[in-house]
Amino acid sequence: MVPVLDSGGSRPLSTAGLRSFTSSRPTSYMSHGAAFTVTRKADLRSPAGKLRDPGLTPGGLDFVMTRVSVEPWGGVPGLGNVDLWRLETPQVQVQVLTLGATIRAVHCRGAHGRVHDVVLGYDDLEGYVADRRYFGAVVGRVANRIAGGRFTVEGKEYQLDINSGPNSIHGGLRGFNKAIWEASEVEGGVKLSLTSPDGDQGYPGAVDVSVTYTLQEETLTAEYRARSTKTTPINLTNHSYFNLAGQEEEDIYGHQVSIRANSFLPVDDRSIPTGF
Numbered sequence: 001m002v003p004v005l006d007s008g009g010s011r012p013l014s015t016a017g018l019r020s021f022t023s024s025r026p027t028s029y030m031s032h033g034a035a036f037t038v039t040r041k042a043d044l045r046s047p048a049g050k051l052r053d054p055g056l057t058p059g060g061l062d063f064v065m066t067r068v069s070v071e072p073w074g075g076v077p078g079l080g081n082v083d084l085w086r087l088e089t090p091q092v093q094v095q096v097l098t099l100g101a102t103i104r105a106v107h108c109r110g111a112h113g114r115v116h117d118v119v120l121g122y123d124d125l126e127g128y129v130a131d132r133r134y135f136g137a138v139v140g141r142v143a144n145r146i147a148g149g150r151f152t153v154e155g156k157e158y159q160l161d162i163n164s165g166p167n168s169i170h171g172g173l174r175g176f177n178k179a180i181w182e183a184s185e186v187e188g189g190v191k192l193s194l195t196s197p198d199g200d201q202g203y204p205g206a207v208d209v210s211v212t213y214t215l216q217e218e219t220l221t222a223e224y225r226a227r228s229t230k231t232t233p234i235n236l237t238n239h240s241y242f243n244l245a246g247q248e249e250e251d252i253y254g255h256q257v258s259i260r261a262n263s264f265l266p267v268d269d270r271s272i273p274t275g276f
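For the sequence shown, the UniProt record's numbering puts the final residue at 276, and the numbers step up evenly by one.
Note that these hints are calculated values from the structure, not bench results.
Built from N, CA and C at the ideal position, the CB exists for glycine as well.
Errors might be hidden in some of the hints.
[Said to hold, decoys possible] Derived EDC-like pairs: lysine to aspartate or glutamate, alpha-carbon spacing no greater than 16 Å straight-line:
{"id": "1", "residue 1": "Lys230", "residue 2": "Glu182"}
{"id": "2", "residue 1": "Lys191", "residue 2": "Asp208"}
{"id": "3", "residue 1": "Lys178", "residue 2": "Asp83"}
{"id": "4", "residue 1": "Lys178", "residue 2": "Glu126"}
{"id": "5", "residue 1": "Lys178", "residue 2": "Glu223"}
{"id": "6", "residue 1": "Lys230", "residue 2": "Asp208"}
{"id": "7", "residue 1": "Lys191", "residue 2": "Asp83"}
{"id": "8", "residue 1": "Lys230", "residue 2": "Glu154"}
{"id": "9", "residue 1": "Lys230", "residue 2": "Asp198"}
{"id": "10", "residue 1": "Lys156", "residue 2": "Asp198"}
{"id": "11", "residue 1": "Lys178", "residue 2": "Asp161"}
{"id": "12", "residue 1": "Lys191", "residue 2": "Glu223"}
[What the hints assert, rightly or not] Quick list of the computed label-pair ranges, beta carbon to beta carbon:
{"id": "13", "residue 1": "Gly78", "residue 2": "Ala261", "range": "37 to 43 Å"}
{"id": "14", "residue 1": "Pro166", "residue 2": "Glu250", "range": "35 to 41 Å"}
{"id": "15", "residue 1": "Pro77", "residue 2": "Ala261", "range": "38 to 44 Å"}
{"id": "16", "residue 1": "Gly74", "residue 2": "Arg270", "range": "32 to 38 Å"}
{"id": "17", "residue 1": "Gly78", "residue 2": "Asp208", "range": "19 to 25 Å"}
{"id": "18", "residue 1": "Ile252", "residue 2": "Ser193", "range": "31 to 37 Å"}
{"id": "19", "residue 1": "Glu185", "residue 2": "Arg270", "range": "41 to 47 Å"}
{"id": "20", "residue 1": "Gly246", "residue 2": "Pro166", "range": "34 to 40 Å"}
Can you make the complete structure from the sequences, with help from the hints?
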């Protein structure tokens, strides 16, 4: 359970799961000075069980330190340089770009001992600069669609950028996926941060946002935090496309997905929440 602070104070959130995946639901709004936190974990195991190969773990230790490294990965005109961070254990290697706080690759060993990349991505930076599918990126301020790109907070109506038919999607024309995030090493991972200024894409309030990716053995954790100077919608997520068979091998039609959720959000044929 992860607490969330909103105008009503702290409250626990329910969890949902995909295999060993857990997720916490965010609140709809942040109050001035309140912090918003979501933690998600993905346990990257083969169907047969743990990925660990005893021969890869010296001394049969139960815990292996994560190796963290960084290298230059090119630059984006008008934005700056992009770095690629690697988080590595004997079981899993994760690649993260500072452009969009993007998970570029997750290499892990499957049931038959072969190593596969289980997320979709591009071979070069140009692919991510031109990307319109949000491959692996953190999207925000608000994931999904806002009808008409309009909402009202505290009696004031705000008009957002329109970038999905008549609606606004994933934060607007230049959402968090198109920003270069500041990165710093943390224990077992990398923390990426940015500041979205007041009025960014039409949203009220300046928002300090961070996502921290950590890798412990075969468990990848993403923790999101945000703090705003005004009441504003915030709903962050990672937009990775997973193929647990390996992106170069099979399609996803053999996958079985189970989500342990207490509720769901109905949408209409335009993928707009119905409110019911």
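Each hint tested on the structure:
1. Restraint check for Lys230 and Glu182: not satisfied, since their Cα atoms lie roughly 23 Å apart, outside the 16 Å limit.
2. Proposed proximity of Lys191 and Asp208 is supported: the alpha carbons are some 13 Å apart, at most 16 Å.
3. Taking the CA atoms of Lys178 and Asp83, the gap is near 14 Å; set against the 16 Å cutoff, the hint holds.
4. Note on Lys178 and Glu126: the hinted pairing holds, with a Cα-Cα distance of about 12 Å set against a maximum of 16 Å.
5. In summary, the hint linking Lys178 to Glu223 is not supported, as the alpha carbons are separated by about 20 Å, beyond the 16 Å threshold.
6. Proposed proximity of Lys230 and Asp208 is supported: the alpha carbons are some 12 Å apart, at most 16 Å.
7. With a CA separation close to 13 Å, the supplied pair Lys191 and Asp83 stays within the 16 Å bound.
8. Proposed proximity of Lys230 and Glu154 is supported: the alpha carbons are some 10 Å apart, at most 16 Å.
9. The suggested pairing of Lys230 with Asp198 holds, with an alpha-carbon distance near 9 Å, which does not exceed 16 Å.
10. A distance of roughly 15 Å separates the Cα atoms of Lys156 and Asp198; the hinted pair therefore holds under the 16 Å criterion.
11. The suggested pairing of Lys178 with Asp161 holds, with an alpha-carbon distance near 15 Å, which does not exceed 16 Å.
12. Only pairs whose Cα atoms come within 16 Å are accepted, and Lys191 paired with Glu223 is accepted, the gap being roughly 9 Å.
13. One distance hint, 37 to 43 Å for the beta-carbon pair Gly78 and Ala261, holds here, with the actual separation near 41 Å.
14. Our hint of 35 to 41 Å for Pro166 and Glu250 holds, since their Cβ atoms are close to 37 Å apart.
15. Evaluation of the 38 to 44 Å hint for Pro77 and Ala261 yields a pass: the beta carbon distance comes to about 42 Å.
16. Gly74 and Arg270 have their C-beta atoms about 37 Å apart, which keeps the hinted 32 to 38 Å range intact.
17. Evaluation of the 19 to 25 Å hint for Gly78 and Asp208 yields a pass: the beta carbon distance comes to about 23 Å.
18. Taking 31 to 37 Å as the suggested C-beta distance range, the pair Ile252 and Ser193 conforms, at roughly 33 Å.
19. Checked against the hint of 41 to 47 Å, the C-beta distance between Glu185 and Arg270 comes to roughly 42 Å, which is consistent with it.
20. Taking the beta carbon of each, Gly246 and Pro166 are about 38 Å apart, inside 34 to 40 Å as hinted.
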